[in-house]
Every structure is written in structure tokens, then in C-alpha cells.
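A.B. asks: From first to last, the protein sequence lines stand for chains A and B.
If you read the first sequence in this note's numbering, its first letter stands for residue 3, the second for the next number, and so on.
If you read the second sequence in this note's numbering, its first letter stands for residue 36, the second for the next number, and so on.
These are computed hints drawn from the structure, not numbers from a lab.
Note that the coordinates shown come from a computational prediction; the quantities given were computed from them, not determined experimentally.
By construction, the Cβ of each residue, glycine as well, lies at the ideal position given by its N, Cα and C atoms.
Don't take each hint at face value.
Not the full set, but computed from the structure, chain B residues with beta-carbon under 8 Å of chain A [unchecked claim]:
1. His154
2. Tyr161
3. Gly179
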Amino acid sequence: MKILIRNGRVVDPASGRDEAADVAIAAGRIVAIGQVPADFTPERTIDADGCVVAPGLVDLAARLKEAGAGALESELAAAAAGGVTSLVCPPDTDPPLDEPGLVDMLKFRARKLSRCRLFPLGALTQRLAGVELTEMIDLTEAGCVGFSQAERPVKDNLTLMRAMQYASTHGYAVWLRPQDASLSGGVAASGAVATRLGLSGVPVAAETIALNTILELVRQTGTRVHLCRLSSAAGVELVRRAKAEGLPVTADVSINSLHLTDVDIGYFNSDMRLTPPLRQGKDRDALRAGLADGTIDALVSDHTPVGDDDKMLPFGEAVPGATGLELLLSLALKWGDESKLSVAQALARVTSGPVRVLGEALGSLGQSAGRLVEGGVADICVFDPEAQWQVTPEALRSHGKHTPFDAASSGTRMPGRVRHTLVAGTLAYSAEPVRSAGANIA
Amino acid sequence: MLARRNPQLNAHGELIHLLSIEGLPRAILTQILDTAGTFLSVNDRDVKKVPLLRGKSVFNLFFENSTRTRTTFEIAAKRLSADVINLDIAKSSASKGESLLDTIANLSAMHADMFVVRHSESGAPYLIARHCAPHVHVVNAGDGRHAHPTQGLLDMYTIRHFKKSFHNLTVAIVGDIVHSRVARSDIHALTTLGVPEIRAVGPKTLVPGDLREMGVRVCHDMREGVKDADVVIMLRLQNERMSGAMLPSAGEYFKSYGLTEDVLALARPDAIVMHPGPINRGVEIDSHVADGSHSVILPQVTFGIAVRMAVMSILAGNDA
Numbered sequence: 003m004k005i006l007i008r009n010g011r012v013v014d015p016a017s018g019r020d021e022a023a024d025v026a027i028a029a030g031r032i033v034a035i036g037q038v039p040a041d042f043t044p045e046r047t048i049d050a051d052g053c054v055v056a057p058g059l060v061d062l063a064a065r066l067k068e069a070g071a072g073a074l075e076s077e078l079a080a081a082a083a084g085g086v087t088s089l090v091c092p093p094d095t096d097p098p099l100d101e102p103g104l105v106d107m108l109k110f111r112a113r114k115l116s117r118c119r120l121f122p123l124g125a126l127t128q129r130l131a132g133v134e135l136t137e138m139i140d141l142t143e144a145g146c147v148g149f150s151q152a153e154r155p156v157k158d159n160l161t162l163m164r165a166m167q168y169a170s171t172h173g174y175a176v177w178l179r180p181q182d183a184s185l186s187g188g189v190a191a192s193g194a195v196a197t198r199l200g201l202s203g204v205p206v207a208a209e210t211i212a213l214n215t216i217l218e219l220v221r222q223t224g225t226r227v228h229l230c231r232l233s234s235a236a237g238v239e240l241v242r243r244a245k246a247e248g249l250p251v252t253a254d255v256s257i258n259s260l261h262l263t264d265v266d267i268g269y270f271n272s273d274m275r276l277t278p279p280l281r282q283g284k285d286r287d288a289l290r291a292g293l294a295d296g297t298i299d300a301l302v303s304d305h306t307p308v309g310d311d312d313k314m315l316p317f318g319e320a321v322p323g324a325t326g327l328e329l330l331l332s333l334a335l336k337w338g339d340e341s342k343l344s345v346a347q348a349l350a351r352v353t354s355g356p357v358r359v360l361g362e363a364l365g366s367l368g369q370s371a372g373r374l375v376e377g378g379v380a381d382i383c384v385f386d387p388e389a390q391w392q393v394t395p396e397a398l399r400s401h402g403k404h405t406p407f408d409a410a411s412s413g414t415r416m417p418g419r420v421r422h423t424l425v426a427g428t429l430a431y432s433a434e435p436v437r438s439a440g441a442n443i444a
Numbered sequence: 036m037l038a039r040r041n042p043q044l045n046a047h048g049e050l051i052h053l054l055s056i057e058g059l060p061r062a063i064l065t066q067i068l069d070t071a072g073t074f075l076s077v078n079d080r081d082v083k084k085v086p087l088l089r090g091k092s093v094f095n096l097f098f099e100n101s102t103r104t105r106t107t108f109e110i111a112a113k114r115l116s117a118d119v120i121n122l123d124i125a126k127s128s129a130s131k132g133e134s135l136l137d138t139i140a141n142l143s144a145m146h147a148d149m150f151v152v153r154h155s156e157s158g159a160p161y162l163i164a165r166h167c168a169p170h171v172h173v174v175n176a177g178d179g180r181h182a183h184p185t186q187g188l189l190d191m192y193t194i195r196h197f198k199k200s201f202h203n204l205t206v207a208i209v210g211d212i213v214h215s216r217v218a219r220s221d222i223h224a225l226t227t228l229g230v231p232e233i234r235a236v237g238p239k240t241l242v243p244g245d246l247r248e249m250g251v252r253v254c255h256d257m258r259e260g261v262k263d264a265d266v267v268i269m270l271r272l273q274n275e276r277m278s279g280a281m282l283p284s285a286g287e288y289f290k291s292y293g294l295t296e297d298v299l300a301l302a303r304p305d306a307i308v309m310h311p312g313p314i315n316r317g318v319e320i321d322s323h324v325a326d327g328s329h330s331v332i333l334p335q336v337t338f339g340i341a342v343r344m345a346v347m348s349i350l351a352g353n354d355a
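Chain B on its own, in the form it takes in the complex (with noise of 0.2 Å):
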């Protein structure tokens, strides 16, 4: 079999489409880290505008409904100067019965430029990226199981901001990694910033052993996964996993896999512990621990706007 190029690079190594952090080179990610430094500031000002984007147009397709993931997307364009359309798929065209690559054919003659793409099937933003015309960019705002590249992004952000350098940590994960495009995103993207200990910690209906071929360490206690880390990333659970025989009920859940002050008091003193939102409280974090002095669960908000303007603008920079 061939080794095909990387479809989110050109032939010159530089992004084209966001699709995956993995397989993209450590100096990309970097560079979308420092570049989203640079517009923090400009969330600060009074007039939050820069003109990277004038004349260009994004459509914001969500094949599946997640109102908060668009409106970030939507504020960062805005911020780019960008004409924004949102589409909301999952209620229009799908649901007339129209392909996904019909659709895309549609809004191409449409003239635009950037695709942010949220859907249900893990890999559609690669059937895009491959169909779509030339010159359109394709963000992965979300595929399935399989990938939040913009969410890993601002979760590095965030690591950096508060850690400084990647070096030296040890990142706790924890809770449905199995179902987490959030959780797969990070784990690539922290592996590339040279992390050298990535723990997965959750029960094994939610933490299947294959992880460990991902460079995880795999953890079924909650106490030794937590135990001197330096970050815990904690995962939002849905509701169906107690449907789907993988949970018996999320009180137990709480018992095993909650973050509480006691078990968060097991990491680093100086630890911070993230979660991509919305919380569950009482589900997977205590109240007080979301609330409390070493949660960046709101910061983490703020630099996703940032890190989805710098993935846009270096996108728009960069022809296929």
C-alpha cells in the first residue's frame, strides 16, 4: 500500500485543513500556539477586530447540534473580520435526504472559503477536505469519536499558559476516553509537545487497553491515575453510557471516577485540573473542585476564541 500525503499538509509541509493533531508536526502546533498568543490581546480591546479575514466567508457546518462549539467558532471569525454563515444541517439539507458531498458541492458554488465541520461520523471532515474545492479550507470542529483538533489546541494553550513548558509534566485524563474526540486530540497533541507521562484513567468500558498502542499509560484507579500529576483533564460523561451497559449508574460513577478535593489533593499542589465543558457537577467533578482555586475551566474558554482565530488565519494563509 501507498503512504499517502498527509491531507492536511501541501506539498510544502504547511496546514492546509485542520483535521487531526495527528501527524502534524510539533513546529505547526507551536506556531498555532504562538500565533493564538498574539490575538489574545486582541479579546482585550475595545474594538476586538483584526482584518485577516475581510472579504472571506465561513460557513459553519454542524452535521450534528453543539451550540457552544459554533458560537466559538463564530465569535473567532467575526474577531477575523470574516462574513460567517451558519449552518445548521442537522435540520436542513440531511434530513431532506441530500448527500453530505452534495451538500458540500452546494455551498462550494456558494464561494466559500473555510468549512468549519461538526458531524456524527468519525472521518466526514477528511471526505470533505478530499471533495471540496482547492482553494476551500476544512476545520474539524468535531468528528464522531475521532478528533476536536481546535479543543486539543486551546487545552495546550492552557497547559502552556499555566505550566509554561511540556516537559516535565505528568497529564492525568480521565473518564470516557473511549467516546472522546476531546480525549484522542489531546493525547496526540500532547505526545507531539513531548509530554513524557499521558495517563488514560477511567473504568474499562470507557478505557479499552488498545490505548496504551497511543502512548498512554492506562489507569483503572482513579487514586494512582491522579496521584503527582500535574494536570487532570476531566471528561464530560453522557447520559447514554448508562443506557449501553458500560456504567451501572452515574452516583457510582462519581464514587469510582469523580474528582473530588480528596483525590485532587493526591496531584502536584501546584496542579490544574481542565474540563471541555459543560460540566457535569456531581457526575464527574465535585462542585467545589470546578469552583475551586486550581480549576482553569473558564480561561480554558477564553483561549479557545484565540486558538481557533490563529488556526483560521494561518489556514487562510496557506494555499493548497
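If we strip away everything but chain A, and leave its shape as in the complex, we get (with noise of 0.2 Å):
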């Protein structure tokens, strides 16, 4: 299909462009910015006057709930109204992806849908159990973009190097979420709120100590490493002296710890329990300001569906996790904004910097993806910048209706509202109707 996006303002964080322009596409790709042929003759056109066109979004974190099960259609029609357009599963899904089998039937299943690439991350250990391999290859040619182990832990440090040792010899990338599994018992950040609250903690060290296994394991191996969930300040600092090293790693952080604080959790809300923990204002500044000089190459949704039974317990007992595809473009404006950053850079920890966290893991997606670039992929959305609005979890698509942003409990007001997304050149989402071509053209 033939779709002109019209009268928007084009902002591509990866070339720095941001002007009024047209967009054309063409079987899926775009096939001018600026100066459309004047033989295109579109079958559809968009009116972005007042809209920001960007590349899609780009989510190195969202869990899609079940592997098996309906949630898919739910969390990616979820992804398509957030504008994110690719988005990376982990892989502890029930069962867990540690065979092809099962990534070959998630990769059919999203693809059927047709409303954002999914990208999954193979199981590092067999069952995520932490203690044997698993065949890297087939998961790697069945479409896994790296190896995780999710939450769980390696059993111990032989085991992750070997596990490290094996992907880097095929040039697999590790995912890794820093976190001390004895130090991780907790349910709050240790600190004053936590005491207060009576709330058993996890200490910043659980961060830092398993951040300085990981990166001596990378200096002895040279493994190619993504951070996942970056949460505390000296973390932060740990990744910046690392990167100034010359490692291979690259990090990410969630929306909720670049917003939220410990503070938060006020009377034991329960949407507040998260992983990693919401962390101190001093914490939460660092996360901010490195992911504003490049130090975290990426912001994640960090999307987790937990459902009411799950949610409606004590704060120590409920489910990690919160929703969050819908909320990611605005999250990521609302810090940009609060940043004093133009809308290009915001924009960059959403696009072109997580698909330079995937690298060549994309093939030849890679160098189109999280970008606008004439003849690369129509992955793109239109937004609002202008429109502000508060989550109501009865509006959301996602079967996780629970996030911390709640309007009822937080009065957060979200700037940026997404108006269309498309994926390869196709409308995945739409907030209004699209006129159809002819009317329009005259």
C-alpha cells in the first residue's frame, strides 16, 4: 500500500533531522522524506499537521506475559498504541525460550498479528535454571537476538563465564540483569523508606557487586554484554568507568526508575513493587543524567502484565512488575522534557539507541530500524506533542492494567499522545480514522 504522511514535522534522533516534511512509503518502505515525486500517488493519506513523525519505537524490555497462551494479541496491539513498532521478549516465558521450537512458533504467532516485530532473547541455561547451556545456535538461527537469563540467576560464577565464553565465540550477545541473587531477597530498596516501612531491603551492593562480576567476566572474555535494569547511582558510575574502558557493554533503564523513588511506595502500594526496586532521589538523578550523556544507551517500558490477584496482596507478597508499552513514548518525552533536551534526543534512547544496543543481531533491519532513512523500513509513529493525558487502566490494551502511573493514585500527566503506528509501511495503529486518498489529494 501507498501512504503519505503529510504536514508533520520529521524528527530522525539518528541523522538529527527535524523539519516540516512529507513522508512517502511504498511497499513497506519509505521511499521519500521531503521532496515526493509528483507521480506518488498514495491510497492513503495521513495528516500529521501539528504531529511529530518518527521512527517507530524500539522496547528492549517487554514481557508478553505467556509464550502459549491469547496475551500476545493483547500486549502487541498494547505495543502498536504505544507506537513501539520492534520489541525485545526476554525469555522467561511459560515455558521458558530455550528452544527453537518455541521461538519458531512466538516469531509465527507475532508475525500473523502484523502489529510490531518481536525480537526474543534466547535462554542462556536450559529451563533458565543456571546451569547448562543452551544450543545458541539454533535459538540464534530461530531468531534470538541475545541470551538472557531473565530474573534468574546463573548458578555460579564458572558457569557464567563458560555461558559467556560460548556466545562470544559465535558473537552472541549476553543480557544480563546485574543483580546479587543472595543480596535480591528483599522487596524494597534498603534504605530510610524501606526501615520505616518494615519492608526487608535490597542493598545497592546487589547491584554492584554483580555489576563488577559481569565486567571483569567481560574483560576476561570479551563478551559483547547488555545491562539490563540499571538502578542505582554507583551502578551508573560502574557502567560509565566501564564504557570509558573500552568494554563491549551497553545498558538500559526502565521508565519506572527514571521517574520513581522509593518515596513512592507511600502506603504500601503494591503497583510500586517492582524489579529492580525503586531506588532514592539520588539514585534516580544519576539514572536520569546517564541516560542523558549516552552512559544507558536505551529507556525500556519494562513492560510486565501482572494481574489483579496477583497485584491485590500486601506490598511484600504481590507480583513484580508493571505495565508499560502504552507508556513509553510519553514517559521518555516527559524526562526529555524535565531534561531540557529537544525531542530528537528523548526520542534517541527509544530508537536509534536501542537498535545500536542490538547491533548486527537486526541483520539488515539494522540499518534502518529506529531510524527514517529513504528506502528503509516504514517502521514508523506519529504523535502528538502537544496532547497530555493520564493513564486510566481500563483505557489500556495490555492485559496488565496495573502501573504506578495510575492517574487514580498518582496524578501523573503524560505528555505526547500516539496517533498512528506503522509497521513495514502498514497501519498497525490508528487513534482517528485515516481519510482515504482521494478526497484528500485535491
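Now that you have both chains on their own, put them together as the hints suggest.
C.D. replies: Structure (C-alpha cells):
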């Protein structure tokens, strides 16, 4: 289908382009930005007046709940509604993504829904048990873009080192959440709030000890490692130094850790029960600065649908996690705005930044995903930067209705509203009907 | 983020649930202590009853076992003429897999007027207060490590009874502060009532430095902690602290943090010694001290009934 996006403000973080321009799309690709050929005859025209035309968002951490059951449809619809055109799904599905058949099936079902591109991470170890390696070559051929333990620990440092050596043999990236298992038993970040509320704590050392171990093993093995969900100022500093040293590491932070602190737990609000736990103001400030200066490469939704039965429990018993796919764009813009960054700079952390993290694992898609280039794939998010909205659970498409940013408890104002999402040149989401072509051209 | 209203207070600032001492104004604490004073005489009468809660149903919901605390609430409710229903949930619904909120919905349908809740998870009474019917009052009888507000209030009653005023006192709380809901409630109450010096005394594994942000002085040395104190509150040491690598042995703990007559001699001559019970003789406190002239451990128990009567009668008089 040929689509013309007219009158929009084209913002492409990768090239720095930020100008009024039309975008012409045909056969799933961008054929022109700016000067649309005179003979281009769109079947559909999207009027983007007052809107930003940006690359589709790339979310490096979104859980789809079950690999098998029907949750995929709602979660990918949520992605499209959030302007997310590519997402990376951790391997802790049920069952975990530890064999190629499961990955094939997941990718096949996602393709059929054609809402969002799905890039699974394979399990680093069988059943994520942290003991025996998975068949990484087969998993990669099935479509895995890296290997991860999700939230589960590896049995010991020897196993972790071998897993990293093996992955790096074949050039695969390993995605690790830096958390020392024995120090991570608590339900809130160690500190004055946890002490006052009588909640068991997770000390910063849980992150820094794991980071030091991982970084030392990167030095030994040269493995490409992506560090998931940094939560502390000390963690950001370790990653900053590792990058300065030239280690092949990248990092991300969740929308929750970027905007919230443990004080937001309030009166035991279990929507604030998250992994990693919300830390203190100085940690949040360091995460925000680290994301701005590029120490942290990507902002992720850390989307985790959790049902009422698992959330309406005492804080410590509640299942950690929050919905996030539909909030990612707004919380990126909010951070950018509060940090006095340009729209392009803010969008870079949810478009070109995460694509750089994925690197060669994306194959030929890596040339144009997360960017707007002529000849590249037409994965596009059209949003109204002036629109403000508030999160109401019933309006979310995701099965996950619990979020710390719920209007009822937080009152958070969300800047920016997605109007249209295109994946491979096809409309995956539209907030309003798109006018048919003929009437428009006149 | 929005600053949410304290769920314990209604729009007029009146107490509708007692969930924690934290966030309660001094006037409410004083009101509870004053009301408890009037009930103390009821306990000395031949007919130990007043009709303030006649026709009301008080449900004791103990998700965690505690015969002692449950009994004191039961006595307090009965002296107010309430109907008391004891539910040992640890043995019934929860073990059948019923969720906390389903249990609460069912009991609400039985026209409960008040829930007295003991739960092993910090914050559980907040969840119950948020989801129970608007006319139901919730009293926290101990949640995880978080709060035990009626114990805190009876401790305040005891201190006021013996010391008359809070304004020039030094209070030492000794022992396993990190796991103690009693310590947290005491600290909030003492702070609100204007005690100038509160000390938290114990080893670093049991007395975290973060406590300073609650307004206490952290002491890791027992003699320094007790020196010139007007009030010494000893906490019970649970046996599981030894298996969790927090302490090597009860014996070594007693040597460094046990309250003996020698150590108590460092406190003020008229110091009182308190303990929420049940006491471990020879672990946190020497028998001579527990039974000695400074000990007010048994009066604490007596005052506890009056304080719980006060809390329940005040709650019953306030509407959401």
C-alpha cells in the first residue's frame, strides 16, 4: 500500500533531522522524505499537521506474559498503541524460550498479528535453571537476538564465565540483569523508606557486586554484554567507567526507575512493587543523567502484565512488575522535557539507541530500524507532542492494568499521544480514522 | 506524585482506622492516652463492663498466631460489651487458598464493625482498610516488621504514668530493632509526643544506620546507649536471628546487649525498664532486672487493656 504522511514535523534522532516534511511510503519502505515525487499516488493519506513523525519505538524489554496463550494479541496491540514497532521479549515466558521450536512459534504468531516486530531473547541456560547451556546457534537461527537469564541467577561464576565464553565464540550478545541473588531477597530498596515501612531491603551492593563480577568476566572473555535495568547511582558510575575503558557493554533503564523513587511506595502501594526496586532520589538523578549523557543507551518499558489477583496483595506478597508499553513514549518525552533535551534527543533513547544495542543481531533491518531513511523500512510513529493524557487502567489495551503512573494514585500528566503507528508500511494502530486518498489530494 | 490523604483519618482529621502511629497528630495520641485513663478504673470494678460497643461485632483476624495479643484485644472488646469473634485465619481460609481480600469481603458480609488484624506482611492492614466496607474500622494488631500501634500506645501510657511528661526524657530501645514493629511504633510515638532523645541500641545487623532518618540516635555500645536513660525498652530476641547470620549465639548477645543490674546502674536512678513480652530471661534481660524494682513490665500489660479499649471506643465513634 502507498501511504503519504503529510504536513508532519519529521524528527529522526539518528540523523538529527528535525523539519517539516512529507513522508511517502510504498511497499513497506520509505520512498521519499521531503520531496515526494510528483507521480506518487497514495492510497491513503495521513494528515500529520501538528504531529511529530518519528521512527517507531524500539523497546528492549517487554514481557508478553505467556509464550503460548492468547496474551500475545493484547500485548502486541498495546505495543502498537504505544508507538512501539519493535520489541525485545525476555526468555522468561512460560515455558522459557530455551528451544528453537518455542521461538519459531512465538515469532510466527507475532508475524501473523502484524502489529509489532518481535525479537526474542533466548534462554542462556536450559529452563533458565542456570546450569546447562542452551543450543545458542539453533536459537539464533530461530530468531533470538541475544541470550539472557531474565531475572534468574546463574548457578555460579564458573557457569556464567563459560556461558559468556560460548556466546562470544559465536558473536552472540549476553543480556544480564546485574543482581546478586543472595542479596536480592528483599522487596524494596534498602534505605530509610524500607526501614521505616518495615520492608525487607535490597542493598545497592546487590547491583554493584553483580556488575563488578560481570565486568570482570567481560574483561576476561571479551563478550558483548547488555546490562539490563540499572537502578542505582553506583551502578551507573560502574558502567560509565567500563565504557571509558572500552569494554563492549551497553545498558538500559526502565521508565519506572527513571521517574520514581522509593518514597512513591507511599502507604504500601503494591503498584510500586517492582524489580529492580525503586531506589532513592540520588539514584534516580544519576539514572536520568546517565541516560542523557549516553552512559545508558536505552530507555525500556520493562512491560510486565500482572493481574489483579497477583497485585491486590500485601506489598511484599505482590508480584513485581508494571504495564509499560503504552507509557514508554510519554515517559521518554517527559524525561526529555524535564531534562531540557530536544525531542530528538529524548527519542534517541527509544529509537536509535536501542537499535545500536541490538547491533548486528538485527541483520539487514539494523540499517534502518529506529531511523527514518529513504529506502529504509517504514516503521513509523506519528504522535501529537502537545496532547496531554492520564493513565486510566481500563483504557489500556494490555492485559496488565497495574502501573505506578495510574492517574487515580499518582495524578501523573503524560505528555504526547500516539496518533498512528506503522509497521513495515502498514497501519498497526490509528487513534482516529484515516481519510481515504482521493478526497485529500485535491 | 499526589500526596495522598492518610488512610487512618477521615476528612475531618478524625481517627477511623489505627494502622500506624506514623502520621497521627499529637492530639490524637493524647486523646487515646487520656481516654485509656478513664477506662483503667473500669478494670478495677466488680462488673468490668461499659456499654460503648454494645451490639457491635469485633472480628479478631489473626493471620499470624499470637494468643497473647489476641486475648488482650478480646478482653478489651468484651469490656466494651462488643460481640467478639476470633478467627484463626492462619489455620482456616488462607490455608485453603482464599485470598486476603476474599476473606475480608466474606467477613464484611457478616456485618463486622471492626477488624483487629495481625498479619506477617508489612502493610497488610492498609490493604484491608482500603478494601473493606466504609463503616468497618481496622485496628492493626501487628503487621510484619512495620507497626504495632496499640503496643506503642500502651508503652506511651506506661511512660506517661511513671514519668508524668515526655519533654525531658531519654529513652533507649535495645535489641532487634530492624525486625521490630514495636520499636517502629515506639519511635514514631515518642517523636510525636516530643521526647528529645531516642536511642536505638544494638549490633549493626539488628540496628541499621538508616534508623537515624527516623530521628533516633544509633548506638552500637550498650553502656553508651543506656547511660542516663530515663526509660529502657528491651525488645524480644527471636531465635531465628541466630540462624540468619545476624548473631552468633544468645550467650554472646546477652554479654554485649543483655540488660543486667550492672548495666542498668548506668541509667538514671529512677529509670523504668519496659518489655513488650514475652521475655527471654537470660537472653535480652537478666531475671533480677525483669523482676526488680525498676521493671514496669506487668503494669504495661494492665495498661494495654485500657489502651485497646480506648482505641476501639474512639474508632467506633468516628465515621468514614
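A.B. asks: Does glycine 179/B meet its interface restraint, that is, does its C-beta lie within less than 8 Å of any C-beta in chain A?
C.D. replies: Nearest chain A Cβ about 5 Å off; hint holds.
A.B. asks: Does the nearest C-beta of chain A fall within a distance shorter than 8 Å of the C-beta of tyrosine 161/B?
C.D. replies: Cβ of tyrosine 161/B sits 5 Å from chain A, so the hint holds.
A.B. asks: With a cut-off of 8 Å, does the beta carbon of histidine 154/B approach a beta carbon of chain A closely enough for the hint to hold?
C.D. replies: holds, 7 Å
Checked against the numbered hints given earlier, this structure breaks none of them.
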